[in-house]
Amino acid sequence: MEAMLHITTLHYLVLGAALFLLGVIGVLTRRNVVIVLMSIELILNAVNLNLVAFSRYWQGMHGPGALHGQVFAIFVITDAAAEAAVGLGILIAFFRNKETVNVDEVNLLKW
Amino acid sequence: MNPPVATPFFFYLLAATMIIGGILVITRKNAIHSAMALITTLLAQAGLYLMLYSPFVAGVQIILYAGGIMVLFLFVIMLINLERTMKERQFNKQWLVGIAAAATLGGLFIAVYTTTTKGKELFPEGRMSYGETQNTQIIAGLLFDRHAGQYMFAFEIASLLLLVAIIGAVVMAKKKI
Chain A
1 MEAMLHITTL
11 HYLVLGAALF
21 LLGVIGVLTR
31 RNVVIVLMSI
41 ELILNAVNLN
51 LVAFSRYWQG
61 MHGPGALHGQ
71 VFAIFVITDA
81 AAEAAVGLGI
91 LIAFFRNKET
101 VNVDEVNLLK
111 W
Chain B
1001 MNPPVATPFF
1011 FYLLAATMII
1021 GGILVITRKN
1031 AIHSAMALIT
1041 TLLAQAGLYL
1051 MLYSPFVAGV
1061 QIILYAGGIM
1071 VLFLFVIMLI
1081 NLERTMKERQ
1091 FNKQWLVGIA
1101 AAATLGGLFI
1111 AVYTTTTKGK
1121 ELFPEGRMSY
1131 GETQNTQIIA
1141 GLLFDRHAGQ
1151 YMFAFEIASL
1161 LLLVAIIGAV
1171 VMAKKKI
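Those protein sequence lines, which keep their order, are chains A and B. So that you can map any letter, position 65 of the first sequence is 65 in our numbering, and since no number is skipped, the others follow by simple counting. So that you can map any letter, position 166 of the second sequence is 1166 in our numbering, and since no number is skipped, the others follow by simple counting.
Hints are computed from structural coordinates only; laboratory data are not their basis. Backbone N, C-alpha and C fix where the C-beta goes; we use that ideal spot for every residue, glycine too. Be a bit skeptical, because a hint or two may be false.
Claimed, not checked - Label pairs and their calculated CB-CB ranges:
#1 A:R96 x B:T1133: 47 to 53 Å
#2 B:K1087 x A:N97: 19 to 25 Å
#3 B:T1114 x A:N107: 36 to 42 Å
#4 A:L109 x B:A1154: 32 to 38 Å
#5 B:L1074 x A:V14: 27 to 33 Å
#6 B:W1095 x A:R96: 25 to 31 Å
#7 A:D104 x B:T1007: 42 to 48 Å
#8 B:I1099 x A:L109: 21 to 27 Å
#9 B:A1140 x A:E105: 42 to 48 Å
#10 B:L1162 x A:E99: 26 to 32 Å
#11 B:K1029 x A:V14: 25 to 31 Å
#12 A:K110 x B:F1144: 45 to 51 Å
Said to hold, decoys possible - On the chain A side, residues computed to face chain B include the following (Cβ under 8 Å):
#13 A17
#14 L28
#15 L88
#16 F95
Claimed, not checked - Cut-off 27 Å, straight-line C-alpha distance, at most; resulting in silico cross-link-like pairs (BS3-like, lysine-lysine):
#17 B:K1093 x A:K110
#18 B:K1174 x A:K98
#19 B:K1175 x A:K110
#20 B:K1175 x A:K98
#21 A:K98 x B:K1087
#22 B:K1174 x A:K110
#23 B:K1029 x A:K98
#24 B:K1176 x A:K98
Working from the sequences, and respecting the hints, build out all of it.
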């Protein structure tokens, strides 16, 4: 009960791990490309949660100026934006050519 | 500074919202429902950022993620016709292997988080009480300051990455270049 009532860094890490796993399941099992991309966003968010939680932990050890984790989280968000733009562009080009959004129908390079 | 109020309650509320939202994202047939669930998850995560005393990241999360990236997703979902896909099989043939791989990864996470070295946990709690009033200034200092800014070069690289992404998206989505 004591462990439940005091929220520590580990609580955030466990939540991040759970979200990461949900994202991994989505990427590995879904057929719809849009939902696969959304699962990747879930994964990136799980990582961001870890980064911010560690930033708070690091702040406790190195003073209020140690916000490196948050800066990293902002960089990850930037990367997520770039990834979403390119991924959705590829998706539109793919849909125009094959009239489908299922990942397992993208098998031209498979032998 | 006032002590935080009812922290465990809000943590578990937001965590439950995020987990349920995440499950809905990967199980819904309709991609728009998935996007809505993902937006809920992202907003709950912004709440968790606030609980971690990082209001700037929380604002960026709401404006950029929930407001920018997810709107892009919704545009694309409505641009391509997904009526047919909703009647098809939603999971691929390797779903069992996929879930097994994810379960293995989960076991790895549990193994890491329950590891103790010399009787101590890997991630002990650092007790701290720094306010968030300086948060945005400190982040700006780390990003842009001429003397203390360690991430200025990384910031410039990030802007280059965004430029490449813009060009890439236009090239991909255009019919004829």
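A quick look at each hint next to the structure:
no.: 1; hint: A:R96 x B:T1133: 47 to 53 Å; verdict: holds, 50 Å
no.: 2; hint: B:K1087 x A:N97: 19 to 25 Å; verdict: holds, 22 Å
no.: 3; hint: B:T1114 x A:N107: 36 to 42 Å; verdict: holds, 41 Å
no.: 4; hint: A:L109 x B:A1154: 32 to 38 Å; verdict: holds, 34 Å
no.: 5; hint: B:L1074 x A:V14: 27 to 33 Å; verdict: holds, 31 Å
no.: 6; hint: B:W1095 x A:R96: 25 to 31 Å; verdict: holds, 28 Å
no.: 7; hint: A:D104 x B:T1007: 42 to 48 Å; verdict: holds, 45 Å
no.: 8; hint: B:I1099 x A:L109: 21 to 27 Å; verdict: holds, 26 Å
no.: 9; hint: B:A1140 x A:E105: 42 to 48 Å; verdict: holds, 47 Å
no.: 10; hint: B:L1162 x A:E99: 26 to 32 Å; verdict: holds, 31 Å
no.: 11; hint: B:K1029 x A:V14: 25 to 31 Å; verdict: holds, 29 Å
no.: 12; hint: A:K110 x B:F1144: 45 to 51 Å; verdict: holds, 47 Å
no.: 13; hint: A17; verdict: holds, 4 Å
no.: 14; hint: L28; verdict: holds, 3 Å
no.: 15; hint: L88; verdict: holds, 5 Å
no.: 16; hint: F95; verdict: holds, 5 Å
no.: 17; hint: B:K1093 x A:K110; verdict: holds, 16 Å
no.: 18; hint: B:K1174 x A:K98; verdict: holds, 16 Å
no.: 19; hint: B:K1175 x A:K110; verdict: holds, 25 Å
no.: 20; hint: B:K1175 x A:K98; verdict: holds, 14 Å
no.: 21; hint: A:K98 x B:K1087; verdict: holds, 18 Å
no.: 22; hint: B:K1174 x A:K110; verdict: holds, 26 Å
no.: 23; hint: B:K1029 x A:K98; verdict: holds, 21 Å
no.: 24; hint: B:K1176 x A:K98; verdict: holds, 17 Å
Violated hints are absent here; each numbered hint is respected by the structure.
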